[in-house]
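Protein chains: 2
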Amino acid sequence: MIDVIVVGGGPAGVSAAIYLKRFKLDVTIIMKDYGTLGTTDHIENYYGFPEPISGKELFNNGIKQAKRFEIPVLTEEVLSIDYFDTFTVKTNKGSYESKIVLLATGASRATLRVKGFSEYTGKGISFCAVCDGFLYRGKKIGVIGNGDFMLEELEVLENFSQDITVFTNNMPLEKPLEHVKVVDNKIIEIKGNDVVSSVLTENSETPIDVLFMAMGTPSAADFALRMGAFINKNDIVVDEQFMTNIPGLFAAGDCIGGGWLQIVKAADDGSRAAFAINKYLRKKPM
Amino acid sequence: MIDVIVVGGGPAGVSAAIYLKRFKLDVTIIMKDYGTLGTTDHIENYYGFPEPISGKELFNNGIKQAKRFEIPVLTEEVLSIDYFDTFTVKTNKGSYESKIVLLATGASRATLRVKGFSEYTGKGISFCAVCDGFLYRGKKIGVIGNGDFMLEELEVLENFSQDITVFTNNMPLEKPLEHVKVVDNKIIEIKGNDVVSSVLTENSETPIDVLFMAMGTPSAADFALRMGAFINKNDIVVDEQFMTNIPGLFAAGDCIGGGWLQIVKAADDGSRAAFAINKYLRKKPM
Chain A
996 MIDVIVVGGG PAGVSAAIYL KRFKLDVTII MKDYGTLGTT DHIENYYGFP EPISGKELFN
1056 NGIKQAKRFE IPVLTEEVLS IDYFDTFTVK TNKGSYESKI VLLATGASRA TLRVKGFSEY
1116 TGKGISFCAV CDGFLYRGKK IGVIGNGDFM LEELEVLENF SQDITVFTNN MPLEKPLEHV
1176 KVVDNKIIEI KGNDVVSSVL TENSETPIDV LFMAMGTPSA ADFALRMGAF INKNDIVVDE
1236 QFMTNIPGLF AAGDCIGGGW LQIVKAADDG SRAAFAINKY LRKKPM
Chain B
996 MIDVIVVGGG PAGVSAAIYL KRFKLDVTII MKDYGTLGTT DHIENYYGFP EPISGKELFN
1056 NGIKQAKRFE IPVLTEEVLS IDYFDTFTVK TNKGSYESKI VLLATGASRA TLRVKGFSEY
1116 TGKGISFCAV CDGFLYRGKK IGVIGNGDFM LEELEVLENF SQDITVFTNN MPLEKPLEHV
1176 KVVDNKIIEI KGNDVVSSVL TENSETPIDV LFMAMGTPSA ADFALRMGAF INKNDIVVDE
1236 QFMTNIPGLF AAGDCIGGGW LQIVKAADDG SRAAFAINKY LRKKPM
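For the record, the sequence lines run as chains A and B. Note that this note's numbering has the first sequence beginning at 996, numbered continuously upward. Note that this note's numbering has the second sequence beginning at 996, numbered continuously upward.
Take these hints with a grain of salt, some might be off.
Identical copies go unnamed one by one, so any copy, or any two together, can satisfy a pair.
[Unchecked claim] Capping the alpha-carbon separation at 25 Å, the derived lysine-lysine pairs in PhoX-like fashion look like this:
#, residue 1, residue 2
1, Lys-1176, Lys-1118
2, Lys-1134, Lys-1181
3, Lys-1274, Lys-1135
4, Lys-1118, Lys-1019
5, Lys-1016, Lys-1134
6, Lys-1274, Lys-1134
7, Lys-1278, Lys-1019
8, Lys-1062, Lys-1019
9, Lys-1062, Lys-1016
10, Lys-1088, Lys-1274
11, Lys-1278, Lys-1134
12, Lys-1170, Lys-1278
13, Lys-1118, Lys-1088
14, Lys-1016, Lys-1186
Source of the hints: derived by calculation from the structure; they are not laboratory data.
Chain A extracted, bound-state conformation:
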């Protein structure tokens, strides 16, 4: 039986795996793809890299780093995780038993099923106000969302522009908004040429220079949810030791939310989760 299966090969997962290995635990990473990190072109704010690095490059660095530690990295899609004293992780290629599962799958971001959304993702549609907001100083900024995530992004974006429109896509605003325009009807299409230029809703068309997605994120928490772990919106609820309410089920990185979805935060989460897992395993005879 494996000590720890880490689901996810991004900053949280790899950072955790390396620390776990350092603690002399038997750890395996199961990952599907580059995740959110792979969609990022240009990372400048992760400490230690003098020149910008692409998300894919950083991701690959991480995988190489894990392999140098002789940590098995399986590229398989996790289909289900069952819990009964120990964990059974079923993938599209096999089934694995472990004492501990660490979910580090990132926050699979909500997408909008409207015309133009995929086309302009990365071309004026952004998923991170802190990362990209500064590029749009004084510009027309659009934000899609209706809850806390949107409010967090808004707070960041208000540093850069006074011209902000929130698109709720026909969802009710969870809290009233001041100082910004609100378009509360359904989004029909994201328009643009090379880059985004406007949002067409049922009642209006609003010119914008950039559109930030701040809608909730579903499926990252699904596994946890199926095992009966507590979820707060789309974030897996963990205690200070990064453990969910399921004994032995841990989570780290963007999938536990916290509003600060930064690479360095995910990597730090991972290291701390590893520390906690080690403590947990040493205490509990299995």
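Take the given structure of chain A and dock chain B to it, following the hints.
Below, chain B without anything else, positioned relative to chain A:
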């Protein structure tokens, strides 16, 4: 006036500075040397580096990264920080005003590896002339140190007593000293009963009532202490927003302790402190 002066050029300081710059704040880093990171040969567990990297290399990467963001990096020794609505940071080369100071100097506070040092710390061994000097009016005062930091402390202590002995612990005095006795050989033991009573060196034993540590450069905890910030052992006490009890004085990284002195934790601290500082500055009109 500078928005934020970051004291320290390691992972916490640089990570903070980069995020602060991204928030469009005017930030300057003041640093002295490689700090603890420079003493580390072989870093394998910081996410994103497939091959081991030396502490110095990582440190230099960080400085290059900061410079690419056009953040001024001053290699100067901070001697004192004063607070009166705004901050005045005095170095060996100049004086700088800022709205915010972020202490990110790492954990190193000078200790003496001699018998009695740990035992009498807090029992006549003090780390802050401004804090404790007045308690020893007219008493025999000892000061350990040989450079600018010692001179700073001496200036304070001369208000309280004429009977001052400087112990250089076999280090050369950086500047000649007047009006005080100097014992320039190696310290063997700090003696005392309930409290400190004398300093034994290779050549002599000098009776003292109190001993002030002013070796090397002041640590973050030393600055914080002098401004009236709360310290727990050697760790600066901060709230969840990384702010000390002094409005506008923040701290991040190893200097706030927490028992998990990892690079990734320091870098993460820095990014979060930047987030909090930005929030704080936007709320508070200055």
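Structure-based check of all given hints:
no.: 1; hint: Lys-1176 - Lys-1118; result: within (23 Å within a copy, 62 Å between copies)
no.: 2; hint: Lys-1134 - Lys-1181; result: within (23 Å within a copy, 65 Å between copies)
no.: 3; hint: Lys-1274 - Lys-1135; result: between (48 Å within a copy, 22 Å between copies)
no.: 4; hint: Lys-1118 - Lys-1019; result: between (44 Å within a copy, 23 Å between copies)
no.: 5; hint: Lys-1016 - Lys-1134; result: between (47 Å within a copy, 19 Å between copies)
no.: 6; hint: Lys-1274 - Lys-1134; result: between (47 Å within a copy, 21 Å between copies)
no.: 7; hint: Lys-1278 - Lys-1019; result: within (15 Å within a copy, 47 Å between copies)
no.: 8; hint: Lys-1062 - Lys-1019; result: within (15 Å within a copy, 39 Å between copies)
no.: 9; hint: Lys-1062 - Lys-1016; result: within (11 Å within a copy, 35 Å between copies)
no.: 10; hint: Lys-1088 - Lys-1274; result: neither (31 Å within a copy, 47 Å between copies)
no.: 11; hint: Lys-1278 - Lys-1134; result: between (48 Å within a copy, 22 Å between copies)
no.: 12; hint: Lys-1170 - Lys-1278; result: between (44 Å within a copy, 20 Å between copies)
no.: 13; hint: Lys-1118 - Lys-1088; result: neither (35 Å within a copy, 47 Å between copies)
no.: 14; hint: Lys-1016 - Lys-1186; result: neither (48 Å within a copy, 32 Å between copies)
Going down the numbered hints, you'll see the structure goes against 10, 13 and 14, while the others check out.
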